[in-house]
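Listed below, chain by chain, are the residues.
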Amino acid sequence: MATKNNKQILEGSRAIALAIKNIAPAVISAYPITPQTHIVEDLAQIKADGQADYEYVRAESEFAAASIVLGASATGSRTYSATSSQGLLLMTEVVYNISGMRLPIVMTTANRAISSPINIWNDHSDVMAIRDAGWIQLFAANHQEAVNAHILAYKLAESLRLPVMVNVDGFILTHSYESVIIPDSKKIKQFLPAYKPLKGTYLDPKNPVTLGAFFTPAYYLETREALHTDLLASLPVIKKEYKKFKNIFFEEFAHAAIHDNNLKKNKRQIIDDGLVEYYGPAKPETILVALGSLNGTILETIKDIQNIGVLKIRVYRPYPTEAINKIITRAKNIAVIDKAINFGQTGPLYSDIKTGLDITKAQKINIRSYVVGLGGRDVTKKMIKLIIKDAPRRNNQVKFIGHD
Amino acid sequence: MEQIRIHGRGGQGVVTAAELIAIATFYEGKESQAFPNFGVERTGAPIQAYARISKERIVTREQIYEPTVLIIQDATLIDTVDVFFGCTKDTIIIINSSENKWPKLERRFRHLHFTPATEIALRIFGKNIVNTVILGAFAKYTGLVSLESLKRAVKEKFSEKGEVIISKNIQAISEDFANAD
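Keeping their order, the protein sequence lines are chains A and B. Per our numbering, residue 1 is the first one in the first sequence, and the count goes up by one each step. Per our numbering, residue 1001 is the first one in the second sequence, and the count goes up by one each step.
Hint data in this document are derived by calculation from the structure and do not stem from the laboratory. Quick caveat: nothing in here was measured; it's all calculated off a predicted structure.
The list that follows gives simulated cross-link-like pairs (lysine-lysine, PhoX-like), each with its CA atoms no further than 25 Å apart:
1) B:LYS1055 to A:LYS303
2) B:LYS1055 to A:LYS381
3) A:LYS47 to B:LYS1161
4) B:LYS1155 to B:LYS1168
5) B:LYS1030 to A:LYS7
6) A:LYS283 to A:LYS267
7) A:LYS303 to A:LYS382
8) A:LYS303 to A:LYS267
9) A:LYS7 to B:LYS1151
10) A:LYS381 to B:LYS1030
11) A:LYS303 to B:LYS1030
Start from the sequences, fold in the hints, and give me the full structure.
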């Protein structure tokens, strides 16, 4: 819809669907669930209009949809699925099978709260329920980041033989309009070549293999250790691929990035290694840490506030310990703002941040856990300001922000 | 940054109106954003949608609490919901109504406009669907977007709905635009 240079104004779901069309998976299977629906409806429509060659397999549930892409991927095809909330939970068993079989599946999660009570709106409870499943977890903060993350996701999945989930905030990104650039398939191919699975890694009658077989206590531990090791080893690869991405998709990268033409005057810097992105002063008083679209509102809030930095986590799993620690050790206070609660503990990202820091540093820096935006509660600048004000106070307990 | 909040009811195309504003202003070289605040999914429930317009990239995701423009698609909401929250004396208020039934509002707001969108909609569509109609008054009273860009946005957004629907919508917007003084 409407080009200005290469920019278009699109609904987030539409932008993701068009990116997937140009990435050209061979098999798509999904079961509709709010707020993922528009993505898979658009992909079905694109197929029905004869604009794409992929097989679109309708499923009777999310469990089936995940199983269908598992099967398709096991035969050596590029696949795609998308889900949300209860849908992701229903997929859980298959989600673990996918990583266990090392299938390079890419799936979008349009993040939504989970039941009960039933709630269709955004938070990160769904992805946090499967964060330990051995997938690479990417988070997008705007439409362009979402498009870019999907292209990167396929490159990572297929080169590392690990599944990748791209998390986009339900409604906030999926149902909003903003400007975005959709790279065409030719350009995508420069970065992401056609998928050719390695011989012996997929089901092929000429080279029979077994996937996801029975492992006794004598072998199982090693498979888990290997998945863990490989996930951690993907961190430098993600950094490298992100650099390559920037060089090819210059415009797309620039459009997603933080815009500040007066960095020097504002005494701020941008550090972006593909794993995390920091914006703020060299020696901030407080750094706010968050996942996803929340980073936009934080950026807007700190525009006129000195001494505050924001750290956006792009890659949540594997947890980029070094990249995160390098930034947060600059500050006196860290406010970790989660859109999920690890019941009986703290915000999940907060636990990670604490675990990632070695104990001597963790004691020196004041790290606070805040939970916002559950079940679609709007996260306002006022709430962010309240967190900034509260952050210097030492307290180990999680604080819920957003009551009237 | 211009912040536009639209109040209406489920089924009235509240969200589409915000999207059309974002699309039309994007055509004019501005950055824009539109998003809904869905309540429960049922026809008739009060709904809000938001649009932002800026020269610079828009990063904030919060809903609009201090609108520079307020559009009320369904005037029955005025007596049931606090539609004016966060509005100042200078907020441009556009209400779908043939007459001012709320004289007190004139003391509160400097830029208060009424537009007979329902009348125009009933005549052109035979239905009380005012979301596009009222954009004519929006363009006239705010100057934030041209009538031409709105027409182009309607053509794009409704491209799959066919020529008849597109031309009726364009006619409706144009009439509402011409009607606004």
